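Number of protein chains: 2
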Amino acid sequence: MHAPGDVRVEDRPDPEIVEPTDAIVRLSATCICGSDLWPYRGVEDVDHTLMGHEYVGVVEEIGAEVKTLKVGDFVVGSFVISDNTCEICRAGFQSKCVHAEFVAGTIGTQAQKARIPHADGTLVATPGQPDPELIPSLLAASDVLGTGWFAAVAAEAGPGKTVAVVGDGAVGLMAVLAARELGAERIIAMSRHPRRQELARFYGATDIVEERGEEGVARIKELTNGLGAHSVIEAVGTQESFMQAVGATRGGGHLGYVGVNHDVQIPGIQLFFAGIHTLGGPAPVRRFLPELIQLIWDRKIDPGKVFDLTLPLEQAAEGYRAMDERRATKVLLTL
Amino acid sequence: MHAPGDVRVEDRPDPEIVEPTDAIVRLSATCICGSDLWPYRGVEDVDHTLMGHEYVGVVEEIGAEVKTLKVGDFVVGSFVISDNTCEICRAGFQSKCVHAEFVAGTIGTQAQKARIPHADGTLVATPGQPDPELIPSLLAASDVLGTGWFAAVAAEAGPGKTVAVVGDGAVGLMAVLAARELGAERIIAMSRHPRRQELARFYGATDIVEERGEEGVARIKELTNGLGAHSVIEAVGTQESFMQAVGATRGGGHLGYVGVNHDVQIPGIQLFFAGIHTLGGPAPVRRFLPELIQLIWDRKIDPGKVFDLTLPLEQAAEGYRAMDERRATKVLLTL
Numbered sequence: 001m002h003a004p005g006d007v008r009v010e011d012r013p014d015p016e017i018v019e020p021t022d023a024i025v026r027l028s029a030t031c032i033c034g035s036d037l038w039p040y041r042g043v044e045d046v047d048h049t050l051m052g053h054e055y056v057g058v059v060e061e062i063g064a065e066v067k068t069l070k071v072g073d074f075v076v077g078s079f080v081i082s083d084n085t086c087e088i089c090r091a092g093f094q095s096k097c098v099h100a101e102f103v104a105g106t107i108g109t110q111a112q113k114a115r116i117p118h119a120d121g122t123l124v125a126t127p128g129q130p131d132p133e134l135i136p137s138l139l140a141a142s143d144v145l146g147t148g149w150f151a152a153v154a155a156e157a158g159p160g161k162t163v164a165v166v167g168d169g170a171v172g173l174m175a176v177l178a179a180r181e182l183g184a185e186r187i188i189a190m191s192r193h194p195r196r197q198e199l200a201r202f203y204g205a206t207d208i209v210e211e212r213g214e215e216g217v218a219r220i221k222e223l224t225n226g227l228g229a230h231s232v233i234e235a236v237g238t239q240e241s242f243m244q245a246v247g248a249t250r251g252g253g254h255l256g257y258v259g260v261n262h263d264v265q266i267p268g269i270q271l272f273f274a275g276i277h278t279l280g281g282p283a284p285v286r287r288f289l290p291e292l293i294q295l296i297w298d299r300k301i302d303p304g305k306v307f308d309l310t311l312p313l314e315q316a317a318e319g320y321r322a323m324d325e326r327r328a329t330k331v332l333l334t335l
Numbered sequence: 001m002h003a004p005g006d007v008r009v010e011d012r013p014d015p016e017i018v019e020p021t022d023a024i025v026r027l028s029a030t031c032i033c034g035s036d037l038w039p040y041r042g043v044e045d046v047d048h049t050l051m052g053h054e055y056v057g058v059v060e061e062i063g064a065e066v067k068t069l070k071v072g073d074f075v076v077g078s079f080v081i082s083d084n085t086c087e088i089c090r091a092g093f094q095s096k097c098v099h100a101e102f103v104a105g106t107i108g109t110q111a112q113k114a115r116i117p118h119a120d121g122t123l124v125a126t127p128g129q130p131d132p133e134l135i136p137s138l139l140a141a142s143d144v145l146g147t148g149w150f151a152a153v154a155a156e157a158g159p160g161k162t163v164a165v166v167g168d169g170a171v172g173l174m175a176v177l178a179a180r181e182l183g184a185e186r187i188i189a190m191s192r193h194p195r196r197q198e199l200a201r202f203y204g205a206t207d208i209v210e211e212r213g214e215e216g217v218a219r220i221k222e223l224t225n226g227l228g229a230h231s232v233i234e235a236v237g238t239q240e241s242f243m244q245a246v247g248a249t250r251g252g253g254h255l256g257y258v259g260v261n262h263d264v265q266i267p268g269i270q271l272f273f274a275g276i277h278t279l280g281g282p283a284p285v286r287r288f289l290p291e292l293i294q295l296i297w298d299r300k301i302d303p304g305k306v307f308d309l310t311l312p313l314e315q316a317a318e319g320y321r322a323m324d325e326r327r328a329t330k331v332l333l334t335l
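Order-wise, the sequence lines are chains A and B.
Residue 335, in the UniProt record's numbering, is where the first sequence stops; the numbers in between run on with no holes.
Residue 335, in the UniProt record's numbering, is where the second sequence stops; the numbers in between run on with no holes.
Among the hints, erroneous ones may be present.
Claimed, not checked - Chain B is faced by these chain A residues, among others (derived, beta-carbon under 7 angstroms):
{"#": "1", "residue": "A3"}
{"#": "2", "residue": "P4"}
{"#": "3", "residue": "G72"}
{"#": "4", "residue": "T85"}
{"#": "5", "residue": "I88"}
{"#": "6", "residue": "F93"}
{"#": "7", "residue": "G252"}
{"#": "8", "residue": "V264"}
{"#": "9", "residue": "F272"}
{"#": "10", "residue": "H277"}
{"#": "11", "residue": "T278"}
{"#": "12", "residue": "G280"}
{"#": "13", "residue": "G281"}
Said to hold, decoys possible - Computed far set for chain A versus chain B, every beta-carbon distance over 12 angstroms:
{"#": "14", "residue": "A125"}
{"#": "15", "residue": "Q129"}
{"#": "16", "residue": "D131"}
{"#": "17", "residue": "H230"}
{"#": "18", "residue": "L279"}
Treat the hints as calculated values from the structure; they're not laboratory data.
On a predicted model such as this, the values are computed, not experimentally measured, just so you know.
Virtual Cβ for every residue (Gly too), placed ideally from N, Cα, C.
Pulled out of the complex, with its shape left as it was, chain A reads as follows (with noise of 0.2 angstroms):
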């Protein structure tokens, strides 16, 4: 991305082995993520940056200290590098790994191959070469599907709870499936969007939120016999959502946040009155990958669906458009 709205295929060098823990992965697909329009409408700072962190494919090459992979592995790599050895991963939050460092910018994974650093740490192979029918939800374990299982897992979603959700991307729509499959006994989709909540009724909604902020508090309060809703995940990123989901949660509740936010300022005193627990950032989707892809390997999830748009990696100018006009959810880009 030369600079907002500026998105361009270039040829570049092939990506080699730096570090003995590198590997070089062939990538079979990746996408467009809805955090890679910050800087496309210009609200984060961009310039000739190298886009792209979510990722699947063949290991092609590895340094001589990697132990897990081979050679020819296919692979689901989280966006966020990580040793997956030290005290912080070993808690599970591999996303403040000490040696954490983000995909996106620097490695840049819309491309035909990508130098993955901490190979053993970042990347997990599928039991063995998938279908192509599954490339799709493989990649969305990269992750808006592990986001969005981390942000239902940060809210404790799981049975007898109602999980409210403020968002309708694919994050969001992630988070329905994952409160699903946590076994969440009521889902609240907080969606405008006719296709939109179609999809998420598909992964398990079972109501719909049209309201935001707070007429949207409001109407889950209304549907929580007052209460608000035990587990809130944000999905969006805004001040208005960020607020939204606060109030939606009732006291004790637990709000799981992963929408990136910008310029949203919380008000200390709302968020203290409010006294709920709180979960978020950067999902650690490295902890999760096992578990979803053998979902994924056993067609017990789908959460390929999300993805509406399928361009060639060339037209990656046109899938952002579509992207930011709303015209798709998630665009998937072949290579």
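Position chain B against the provided structure of chain A, taking the given hints into account.
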């Protein structure tokens, strides 16, 4: 409190039973809270407000529906009224009870007697009439100990954990005590006040950090192998202290915050990239009262040492001055 800085002890009508779930308590002791200084200093509005929300005493009269208490019982109450039967109470968040009401302001326990609504859900009787020496500790359970305990539980203090406590007021000191009781391995008290440092060490602090703000954060990181503390307790409520607490928490760690926030604006993006759990707000003291009363009764903890000035109720105004000028950590008022 007629106005900021203007505290007067005046005769008022005796309280009477209004609802059948009420009890009238004749107070044995009361005290002044750090949070009483907010209106005293004009940070919170105050206009002829009934002050005080910490109390112990003897039940003098009960309404027809009070079941668990009888006249003559010695009781400790929470600073928030709760029915202790609603869904929120049963989940342990009595301070967000559907019948929650703050004792401060409308009831006011810097007084000889108080009408306590929802007596069954708010008051806990001690195993018998306490020795006078136990009264300060039982009074501490009503708020500062209960609040510090909640903060330590919210921060998930426990075996193997390093806990940092931001704030050396009574609540911060009680959080140190709680962290020790919960089995924390290392407890870092952030304080630059020699007498409070000493008290922090008495209650279980293993380390003292005098630096504040970003320097304080850097010092905590230095002491924790660059990672930050597992558990951080915020017991002040200013912008600097809150962000110091966020910064001192390791990725995936837990922040428990109980300092009443005033004019704190939390930058969403900073909280997001911190990747931490948070839980805070007015403490559900009622949840912990039975356990805390027993620990005090059995002489296992000595929270009463947090009172370093005792005055008769008539001299409440002098008590406020002493706390405002930091000549006293916490003032007990006798009756």
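Status of each hint after checking the structure:
The closest approach between the C-beta of A3/A and any C-beta of chain B is roughly 22 angstroms, which is over the 7 angstroms cut-off, so the hint fails. Given the 7 angstroms rule on beta carbons, the hint for P4/A is violated: about 19 angstroms separates it from the nearest Cβ of chain B. Because the beta carbon of G72/A sits about 34 angstroms from the nearest beta carbon in chain B, more than 7 angstroms, this interface hint is broken. Evaluation of the T85/A hint against chain B yields a violated restraint, the C-beta minimum of about 14 angstroms exceeding 7 angstroms.
With a cut of 7 angstroms, the hint placing I88/A at the interface with chain B holds, because the nearest CB-to-CB distance is about 5 angstroms. A cut of 7 angstroms between beta carbons decides the hint on F93/A: the least distance to chain B is about 3 angstroms, and the hint holds. Against a cut-off of 7 angstroms between C-beta atoms, the interface hint on G252/A holds, since the closest Cβ of chain B lies about 3 angstroms away. For V264/A, the interface hint holds, since its Cβ comes within 7 angstroms of a Cβ in chain B; the closest pair sits about 3 angstroms apart.
Hint status for F272/A relative to chain B: holds, with the closest Cβ pair at about 5 angstroms, below 7 angstroms. Below 7 angstroms, beta-carbon pairs count as interface contacts, and H277/A has one with chain B at about 5 angstroms; its hint therefore holds. Interface hint at T278/A: satisfied, since its Cβ lies 5 angstroms from the closest Cβ of chain B, which is below the 7 angstroms cut-off. At about 6 angstroms, the closest approach between the beta carbon of G280/A and any beta carbon in chain B falls short of 7 angstroms, and the interface hint on this residue holds.
With 7 angstroms as the threshold, the beta carbon of G281/A comes within range of chain B, its nearest partner Cβ sitting at about 3 angstroms, so the hint holds. At roughly 25 angstroms from the closest C-beta of chain B, the C-beta of A125/A stays outside 12 angstroms, upholding its exclusion from the interface. Taking the minimum C-beta to C-beta distance to chain B, about 34 angstroms, the non-interface status of Q129/A holds against the 12 angstroms cut. Residue placement check: D131/A keeps its beta carbon more than 12 angstroms from all beta carbons of chain B (closest about 35 angstroms).
With a closest Cβ-Cβ approach of about 9 angstroms to chain B, H230/A is found to fall inside the 12 angstroms limit, against its non-interface label. A beta-carbon of chain B is positioned within 12 angstroms of the beta-carbon of L279/A; the least distance is around 5 angstroms.
Consistency with the previously given hints fails for numbers 1, 2, 3, 4, 17, 18, ordered from lowest to highest.
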